[in-house]
Amino acid sequence: MQTIPASKQPTKSILERTVGQKPGSLNISPEALVPRLFLVSFDEEWYEAREFSDYDELMEAYREAPEARHWIDVRGYGNRELLERMMVDFQIHPLQMEDVVNDYQRPKIEEERNRMFIVSRMITFTPDKKIDDDQLSLFTGENYVLTFQSDYEDCLDILRERIKGGKGAIRRKPVMYLAYAILDVVLDNYFPAMAQMGEYAEDLEDCLFRNPNKELLSQILDLKREVVKIRRIVWPERDKINEILRMDDQMVPHELKLYFKDIYDHCVQLMDLVDNYRETTSSLTDLYLSNVSNRMNEVMKVLTMISTIFIPLSFIVGVYGMNFSREDPEGGINPLNMPELYQPYGYVTLLGFMALVVIGMVYYFYRKGWLTKD
Amino acid sequence: MQTIPASKQPTKSILERTVGQKPGSLNISPEALVPRLFLVSFDEEWYEAREFSDYDELMEAYREAPEARHWIDVRGYGNRELLERMMVDFQIHPLQMEDVVNDYQRPKIEEERNRMFIVSRMITFTPDKKIDDDQLSLFTGENYVLTFQSDYEDCLDILRERIKGGKGAIRRKPVMYLAYAILDVVLDNYFPAMAQMGEYAEDLEDCLFRNPNKELLSQILDLKREVVKIRRIVWPERDKINEILRMDDQMVPHELKLYFKDIYDHCVQLMDLVDNYRETTSSLTDLYLSNVSNRMNEVMKVLTMISTIFIPLSFIVGVYGMNFSREDPEGGINPLNMPELYQPYGYVTLLGFMALVVIGMVYYFYRKGWLTKD
Amino acid sequence: MQTIPASKQPTKSILERTVGQKPGSLNISPEALVPRLFLVSFDEEWYEAREFSDYDELMEAYREAPEARHWIDVRGYGNRELLERMMVDFQIHPLQMEDVVNDYQRPKIEEERNRMFIVSRMITFTPDKKIDDDQLSLFTGENYVLTFQSDYEDCLDILRERIKGGKGAIRRKPVMYLAYAILDVVLDNYFPAMAQMGEYAEDLEDCLFRNPNKELLSQILDLKREVVKIRRIVWPERDKINEILRMDDQMVPHELKLYFKDIYDHCVQLMDLVDNYRETTSSLTDLYLSNVSNRMNEVMKVLTMISTIFIPLSFIVGVYGMNFSREDPEGGINPLNMPELYQPYGYVTLLGFMALVVIGMVYYFYRKGWLTKD
Amino acid sequence: MQTIPASKQPTKSILERTVGQKPGSLNISPEALVPRLFLVSFDEEWYEAREFSDYDELMEAYREAPEARHWIDVRGYGNRELLERMMVDFQIHPLQMEDVVNDYQRPKIEEERNRMFIVSRMITFTPDKKIDDDQLSLFTGENYVLTFQSDYEDCLDILRERIKGGKGAIRRKPVMYLAYAILDVVLDNYFPAMAQMGEYAEDLEDCLFRNPNKELLSQILDLKREVVKIRRIVWPERDKINEILRMDDQMVPHELKLYFKDIYDHCVQLMDLVDNYRETTSSLTDLYLSNVSNRMNEVMKVLTMISTIFIPLSFIVGVYGMNFSREDPEGGINPLNMPELYQPYGYVTLLGFMALVVIGMVYYFYRKGWLTKD
Amino acid sequence: MQTIPASKQPTKSILERTVGQKPGSLNISPEALVPRLFLVSFDEEWYEAREFSDYDELMEAYREAPEARHWIDVRGYGNRELLERMMVDFQIHPLQMEDVVNDYQRPKIEEERNRMFIVSRMITFTPDKKIDDDQLSLFTGENYVLTFQSDYEDCLDILRERIKGGKGAIRRKPVMYLAYAILDVVLDNYFPAMAQMGEYAEDLEDCLFRNPNKELLSQILDLKREVVKIRRIVWPERDKINEILRMDDQMVPHELKLYFKDIYDHCVQLMDLVDNYRETTSSLTDLYLSNVSNRMNEVMKVLTMISTIFIPLSFIVGVYGMNFSREDPEGGINPLNMPELYQPYGYVTLLGFMALVVIGMVYYFYRKGWLTKD
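Protein chains in written order, with my numbering: chain A, 11 to 384; chain B, 11 to 384; chain C, 11 to 384; chain D, 11 to 384; chain E, 11 to 384.
Hints listed in this document are in silico derivations from the structure and should not be mistaken for laboratory results.
Where hints are given, some of them may not hold.
Unchecked claim - Here are the simulated lysine-lysine pairs, DSSO-like style, with alpha carbons at most 30 Å apart:
1. K224(B) / K378(E)
2. K32(A) / K267(E)
3. K378(C) / K378(B)
4. K118(B) / K32(C)
5. K224(C) / K139(B)
6. K139(E) / K267(D)
7. K32(E) / K118(A)
8. K118(B) / K183(A)
9. K267(D) / K118(E)
10. K267(B) / K118(B)
11. K224(C) / K118(C)
12. K183(B) / K118(C)
13. K118(C) / K118(B)
14. K271(C) / K118(C)
15. K378(D) / K378(E)
16. K267(A) / K118(A)
17. K267(C) / K311(A)
18. K267(A) / K140(A)
19. K267(E) / K311(A)
20. K271(D) / K118(D)
21. K267(D) / K139(D)
22. K32(E) / K224(A)
23. K378(A) / K378(B)
24. K118(B) / K183(B)
25. K378(D) / K271(C)
26. K118(A) / K271(A)
27. K311(A) / K378(B)
28. K118(D) / K378(C)
Please read these numbers as outputs of a predicted model, since none were measured by experiment.
Put together the whole structure using the sequences plus the hints.
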C-alpha cells in the first residue's frame, strides 16, 4: 500500500554518509562484497581472459604484456587494503576512490593528465517497478581500462563476448575505444529498462480503464518519480558525453568522436523517451482524477433517478394513506373528504396515473441523456 | 477505448534496439522493403529520370554524366549487401548508415569535408489521429544528393515534377539547392498535417459542447501528446536549419542561405502553431473537467429540487396518516386528537396548502436562479 | 457557443499554404484587394501626398524628386504584375515579396546592404473579442520607405497628419526616422487594444461574480489565448527592435537608437501588461472553478437541511401511522400496542415534540454556520 | 466584492497613453501637482537645505557653489515650462523627460557621457492591500543629483536627516555616493512593505482556518498578483544594479561598487522573499480549495448519516402501516396477513428492534470514522 | 493548527531591518550573545586550542606564532567594540561586518586581494519540522581562518577533533585547506537534516494512508516550503563553490580545487535530493486531494445504495397503506379497490417480492463494483 517510501531507498546510502570524516577516506560499507578481480588482455591477434584470486598475480600478468590492451575489472569493494594498493598502482586520487566506493555519484567525467575518470550508472527496471541503478566507475590509462562495480553481475558480458570473438574494431583500435564500447553497452541497456517501464505504464493504463482502484494513483505517481529519476541520470550522462566530445583530439582521437557522437544521439533519444513517459504519467493522473469524478457523477445519477421517480410517487400514495374521515363524529357526512377512496376505479386509476408519472420521468431522463452509459 | 498505448508504437522501434551490438552494425529489420533505386539526372538543358533494378546500372548511368547533377533516391532498406556497397561508393560512415537504417533519429545534421548528412522526418496525420513520421536521410556530394527512405511512397513527387518541368532555379543552381528544395518540401508538408490536426481539435471541441463522453478526455490527452511529439520534431528541425545558416559560405553559398532562412521562418511558424495547439488542448482539458462538474451540479440540482418539494409534502401527508384516535378505548372522546380529519373541508384545505408550498418552493428556486439552464 | 474555433481563423492562411511550390512564388489569394498606391513626398520645406492609379506615374513622381524623402504606400496585393515590377524596381528578393504577400509572418527584421526589410503586425481588438492582426511590411531605401499592407484602412493616418503638419523631427531627420515613426505608431496602437482587452477582462469578472454561466469559462479561456497570441507577437517585436539597437551606427545612426530604445521600453511594458493579463485570466479560471464548487456546496446544503429536518419527522409520523391493534382478534386487549394513540393530548404532544426537533435542527445548522450566506 | 479590477488601476496610466503623438512630447496629466523645488547643498563642512518657489533662484544658488555637491529635488510635474527649462539646463533628452513624466517605467538605467539616468520605483503597501508604486527618476551630473517624483511625500526624509547630521561617508564621498544612498533607501523601504504583505498573508491564512468565506479566494488571488507585481519590479531593479556593477571604474569608482554590491544582495534577498510569498499564496489557494471540498464532504456525511438511519426505519414503520386485512370480506380469516399487529408485545418489540438498528448504524459510522471531526 | 505562519519566522529578521540606516552600520540585536573567543593554533607538529576571555590575549597568542596556522573562532556578536577592533585588526570592510552581524545572508563569496569572505548556512531540521539555518561567516587570511557565528553551539566539533588528532592533510596543508574543511563539514551536515526531512515525509505519507485529517494538507504544504527553502540555500551554495573552482590557481591551489570539486559534487547531490523531495511533496498533495474525493465517493455510494434499496420499498409499502375502500359509502362493493389486501397470502407475497427487489438491487450494485472496497 505504501509504495512511496520504498522508492526512496536507493538514495538512502547518500543520506547515511558519515558527517565530518576526513575527505578521501574510504567509507566501506560492511555489506560490501569481497572483491573479485578479472583481467581481459588482448591485442589484435591475442586474447586472454582470467579471474585472479590474488592481486599480485593480476598485476604480474598485466605487467607482462605492456604492448597489449587490458581491461581490469574489479567487482566488490570489501577489501580496503586492496583498494589502497590500487590507488597507488594506478595513481587514483583518494577523492576519486571515495567516489568509487560511496557508490552514489551522478554520472560525471574528470580528466587529468591524459587520464579520465568516468562514472556511469547501470539501470534496471526491477520486478517491483523501481529503477535500480548501480554505479560503474571507469579509469582509463595508457594501455588499460580499469572498472569498479559493487556487484558480481553486470550487463557487460555481451561486450566480453565481442572482445573474445575478435569481431569488429575493438581489438584493433586504441584502448579509448574499449572505454567507448563499455559506455555504449551501459547506455544501450537503458533501452530495455525503458521498454519495461513503458509496458508497465500501459498496464497501469489498462487498469485505469478496466478496474481503477485507490492504489492506482499512488502507483502512477510512483512511476512518475521513477521517470524523473531516470531523467536525472540521463541528463548528466548526456553532459558527460558532451564533455568528451569537446575534449581535444589528443585526448580523444577525432575518429573516436564520431562514436561518442553516436552515444550522444542515444542520450538525446533517451531524453525524448523520458519526456514522453512524463507526459504519459501526467495524462494518466488526469485520467484517474477525471475517472473519480465520472464515477461520482454516475453514482449521483443513479441516486437522483431513483429519488426523482419514487419520492413523488411516495407522496401520492401518502396522500391516499391519510385518514380524513367521510363521516363526521357528530354523524354527518363530509363528502369532500377524500371521495376518491370510494370510487369503484379509484385504485386502478391511481396505479395508472403513477405508471404515467414513471414513464414521463424516464422519458425526461432519456432526453437529458442520463440513461446512456457515459 | 485504450487510446494511449497505440500512440507509443512509433517509438517502439527505438526500444527494440539490440543491446550491445557492434557499433555501426546494420540492424536491418526483417520487414524492411526490397530497395527500389531511382536516379534523376539533370542539368540546365537536360533531364532524365529512371528507375534501375540493378545497382551497377545506376552507378554506370551516374558516372556517365559527371557534369550533371544527380538525385539518387533509395526507397527500402531490405538489402544489406547493397547498402554496404553504397557505404563504400559514397564514403558513408558505418555509424551514419546505421542511423539511416535504424530509422528513428531526431532531425539532425552532420558536416564533414564539404559533405553533409541530414536527417529529416516526414510527418502525416493518420486517419486514426496519430502523427506518423518517416525518416528521410539525405547525403550531399559534389554533384549528387543521395536520399534514403523506408517506404516506396513519399511527399516529394511534386518536387520531381518541378525538376522535370524545368521550372525555376532548381535546374540552374548548384546541387545544394536541390538539397534545400527537398528539405523545403518535407517541411511544407508539415502544414497540411497541422491543418488536419487543427480540424480534429475542432471536432473534439464540438463534441465537448454537444455530446461529451468518457473517451473524450483521453482523446484530448492523446491529441496533446501528438502535439508535443510534433514539437519534439520541429525543435531539432529548427536547430538543424540554424546550423546550416551558421555554416561558412563555402559550404553553403550566401545566396542559398536566404532560402534556408525561409525554411527557418517556416519552422518558427510551425512552433507557433504547435504552441497554439498545446494551449487549445489545455483549454479543452479544462473545459472538459469543468463540464463534468457542471453536469454534476445539474444532476444535484434536479435531486435537490425534487427532494425539497416532495419531502416536506410527504411529511404533511404522513401526519394525516397517523392513527391518533378520537375515541378513547374506555369510551371517552379525545377531541384534540387530529380534529382536522373530521372537518368537512379538511382534505381540500390541505391540498390547497400543499399547492401553496409547491408554489413557494418553485418561486424560491426561481429566485436562486436554479430554474434557468446555466 | 463554440467560441474556440473562431479564434483559429487568423492562422488558417498559414495552414492553407500550397505545398511544394517554387520558393519565392507569389501565391496571391483570390480575395486580395486591388492595390491602391500612395506616395507621400516631403523634405524640410516641401510636402506632397498623392494617390496614383497608375504605377508608372507614381514612379515618375518618385524619381522627379531624388533629394526628397518618400513614403510609398501600397495597400492591397491583388495585382501580381505590379508586385513583380516593384520587386525589380526596388530590388526586393522574391522570398521577401513572398513574405509580404503570404501575410502571416512573425515580426522580424532582415538587413542587407544598408537596406532593411521589417515585418510588423498591427493589432486591433475586435468587437467579437478577438485580436485581429494585420501585417505591415516595410522596406527602407536610401531616400524612401516602402510599405505594404493588405487592407485599405490602417492606423497610420495620425502619422500622415504629423508629416503634413510638419511638426517635429520627422521632416528634418533622415528617412530612417520615418521608418522609426511608423514602427512607433504601430506599437503605440497596441496599448488601446490592450486597454479594451483589460475592460473585457473586467466585464468577464463582473459576470463571474454576478451571473456566472457555462459559456463564461470558455470565454475566459478564449481571452487567455488571445493574451498568449499577443505575447507571441510582442516577443519577436521586442527581439526585432533589439536587433536594430545592436546594428552598427552607419545603418542606424546613434542618435536614432535613443528613439528605438524608447520603442524597446514600450515593448517591455507591453510584455509586463500581457503577463499581468495572463495572471488575471488564470485567476478568473480559478475563481470560476471555485465558484462552481461553491454553488454545488450551496445546493448540497439546501438538500441536506431539508432532508435532515424532514426525514426524521417523517419517520415519527410513520410510527403513528402503524396499525398495531389494541384489540386482539381473539377479543383480548393489548394495552402495550401504541397506547399513545389513545391519550387525550397524544396528538398535540407529538406536534409539539416535532416542533422541538425542528428548532433543535435549525439551531444545529446555525451553529455549523450553514444558515449564513457564505 | 470585485477586488480584481481595482488592482489594475496602477497600470491604467500606461493604457491611456496618447497614440501616435510625437516622440519625446511631454504629456503632462492635468492632475499633476504644481512642482515644489528643493535644493540640498553640502560639502564636508557645510550644509544647506532650502525650498525655492522660483526656479531661477534655485539655479543661482546651485551655481554659486560649484565646489559643493547638490541634490536638486523636484516634486510634482505640473509645469511644462519648468520641465522644458530643466531639459535645457541639465541636458536631459526629451525621451528621458518623457519617461520622467509618463510615470510608469520599469526600473532601468541609461548611461551616456559619464551621466546616468536611473528610474526606481518606491513601493508602499496600502491599507486596501495593494502595492502602490511611485516613480523616482534620478539624473547624476558632475556635482549634482537631480531627482523627480510626482508626489510631495516620499521615503527619503531619513536620508536628508543623515546628510544634515553629517553622519557617515555621505558628506565626504563623491556625488555618486549620494545617488547610491538614495537608491539604497528606496530599496530598504521595500522591506517594511513586504513585512506588511506578510502580515496580511497571515491574516488571510487565519481567516482560512477560522472563518472561510467566498471572498477569501479572490483576496488570496489578489495578493498573489500583488506579489507578482513586486516581482516584476524587483527583477529589473536587480538588473539595473547589476548594470551599475559592470560599469567601468571611471563611471562608478571601485570603492563604491562594494556599496552597490550590497544593494544587489538586498535585491536578491527581496527576490527570495517574493518567491517565498508566491509559494505561500499558492499554498493558501490549495488549502482554500481543499477546504471547500472538506466542507462539502462534511455536509454529505451529515446527509448520508441521517438518511441511512431514518430511511430504513421509515420503511419498517411503513410496513406496519399497511392495511392488509386479517378479515376476509367474505368473512373468513387470513391469519398470515400481518399477524404481528395483533401480538401483545408487537409494538414494543418493533420499537426495540428499531433502536437496535439505530445503534448498529451509529456503530458502523463510528467504525468508518465518520463521527470524528476530521 | 496554523502551521504556516511559524515557518515565516526565520525570515522575520530580514523584514525588521532598520530602514535608511547608514550603510555598514552594525545593527547588533539586543539578544545577541556575549562573544566567546576561541583560538586553535597548529602546524605540522604543534597543536594548541584555547578559549580567551580577553581579545588582547587572543591577539597576543595569535601574533606569537606567525609561522603557525590559526583558526580564530568568534561565537556571539554582543560586543560592538570588539567587532570594531576586529574590523581594524583583520581589515574587514564595514559592509562585510554588517553582513556578518545581520545574520541573514544567502551563501556567497567575496574575494579581494587574496583574501576571501565566505558566507555559509548551517542547517538543522528542528523537532517542530522546520529548517533552522544559522550563518557561518568565514574570512581567510595569510595564516588564519576567522569565523563568526551567532550561537555557542555548532557542528564543527568533529573537525576540531580531527585537527587535534593530527589526522590527515589538515595539519600539513596551507590554511586554505582549513577553510575547505570547514565548508565541507558544514555541507556534510545537510545530509542528516535531509534524512530527517525524508523520514518526516514518510511519516506524513503513512498518515495519509492510515488516518488522513484536515491538518495533513497544511503539514504537507509546510514541508514543501521547507524543501523549497533548502533549495534556495543550496543553489547559491553551489554557485559559491563554483566561483571558488573558477578562481585562479594562486588564490586556490590547483591541488585544493579537487577538494572543492568534491564539495561541488555534494551540492549537486543535495539538489537532486531536494528535487526528489519536491516531487514527493507534490505527489503527497495529489494523493491527499484524490483521497478527499475518494472518501466523498464512498460516502455518496453508501447514501445511494441505502436510498436506492429503501426508497422503492417505502413506496411499495406506502401503496398498501392507502385507504381505498372496498366498501362504497352507499353500501356497494368496489372489488377493484386494493383486492390484494384481502388475499390470504397477500402480506407474505409482498414481503417475498420486496426481498426479491433487495436481492436484485444488491446484485446490481455488485455488478457495478460498488460493494468492493476500492
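Consistency of the hints with the structure:
1. Between the alpha carbons of K224(B) and K378(E) the distance comes to roughly 17 Å, so the proposed pair stays at or under 30 Å and holds.
2. For the given pair, K32(A) sits about 16 Å from K267(E) by alpha-carbon distance, which is consistent with the 30 Å threshold.
3. Simply put, K378(C) and K378(B) have alpha-carbon atoms about 22 Å apart, close enough for the 30 Å limit, and the pair holds.
4. Taking the CA atoms of K118(B) and K32(C), the gap is near 24 Å; set against the 30 Å cutoff, the hint holds.
5. A C-alpha spacing of about 29 Å is found between K224(C) and K139(B), which places the hinted pair at or below 30 Å, so the restraint holds.
6. Our distance criterion of 30 Å between C-alpha atoms is broken by K139(E) and K267(D), whose separation comes to about 40 Å.
7. The straight-line distance between the Cα atoms of K32(E) and K118(A) is roughly 47 Å, outside the 30 Å bound, and the hint therefore fails.
8. Taking the CA atoms of K118(B) and K183(A), the gap is about 27 Å. The hint holds against a cut of 30 Å.
9. For the hint pairing K267(D) with K118(E), the CA-to-CA distance comes to about 16 Å; that is within 30 Å, so the pair holds.
10. Annotation: proposed proximity of K267(B) to K118(B) holds, straight-line Cα distance about 18 Å (limit 30 Å).
11. Distance restraint check for K224(C) and K118(C): the Cα-Cα separation of roughly 40 Å exceeds the 30 Å cut-off, and the hinted pair is therefore not satisfied.
12. With a CA separation close to 28 Å, the supplied pair K183(B) and K118(C) stays within the 30 Å bound.
13. The suggested pairing of K118(C) with K118(B) holds, with an alpha-carbon distance near 25 Å, which does not exceed 30 Å.
14. With a C-alpha separation of about 17 Å, the suggested pairing of K271(C) with K118(C) holds against the 30 Å cut-off.
15. Under the criterion of a C-alpha separation no larger than 30 Å, the hint pairing K378(D) with K378(E) is consistent with the structure, at around 22 Å.
16. A distance of roughly 18 Å separates the Cα atoms of K267(A) and K118(A); the hinted pair therefore holds under the 30 Å criterion.
17. Restraint check: the Cα-Cα separation between K267(C) and K311(A) comes to about 67 Å, which exceeds 30 Å; the hinted pair is violated.
18. A C-alpha spacing of about 34 Å is found between K267(A) and K140(A), which places the hinted pair above 30 Å, so the restraint is violated.
19. For the hint pairing K267(E) with K311(A), the CA-to-CA distance comes to about 69 Å; that exceeds 30 Å, so the pair is violated.
20. Pair hint K271(D) plus K118(D) holds up; C-alpha atoms about 17 Å apart against a cutoff of 30 Å.
21. Using a Cα cut-off of 30 Å, the hinted pair K267(D) and K139(D) is violated, with the two alpha carbons roughly 36 Å apart.
22. Proposed proximity of K32(E) and K224(A) is contradicted: the alpha carbons are some 61 Å apart, above 30 Å.
23. Proximity of K378(A) to K378(B) is assessed by CA-CA distance (about 22 Å); at most 30 Å being required, the pair is judged to hold.
24. Proximity of K118(B) to K183(B) is assessed by CA-CA distance (about 24 Å); at most 30 Å being required, the pair is judged to hold.
25. Between the alpha carbons of K378(D) and K271(C) the distance comes to roughly 68 Å, so the proposed pair goes past 30 Å and is violated.
26. Straight-line distance between C-alpha atoms of K118(A) and K271(A) comes to about 17 Å, which keeps the hinted pair within the 30 Å bound.
27. Under the criterion of a C-alpha separation no larger than 30 Å, the hint pairing K311(A) with K378(B) is consistent with the structure, at around 22 Å.
28. Note on K118(D) and K378(C): the hinted pairing is violated, with a Cα-Cα distance of about 54 Å set against a maximum of 30 Å.
Violated hints, in rising order: 6, 7, 11, 17, 18, 19, 21, 22, 25 and 28; the structure is consistent with all others.
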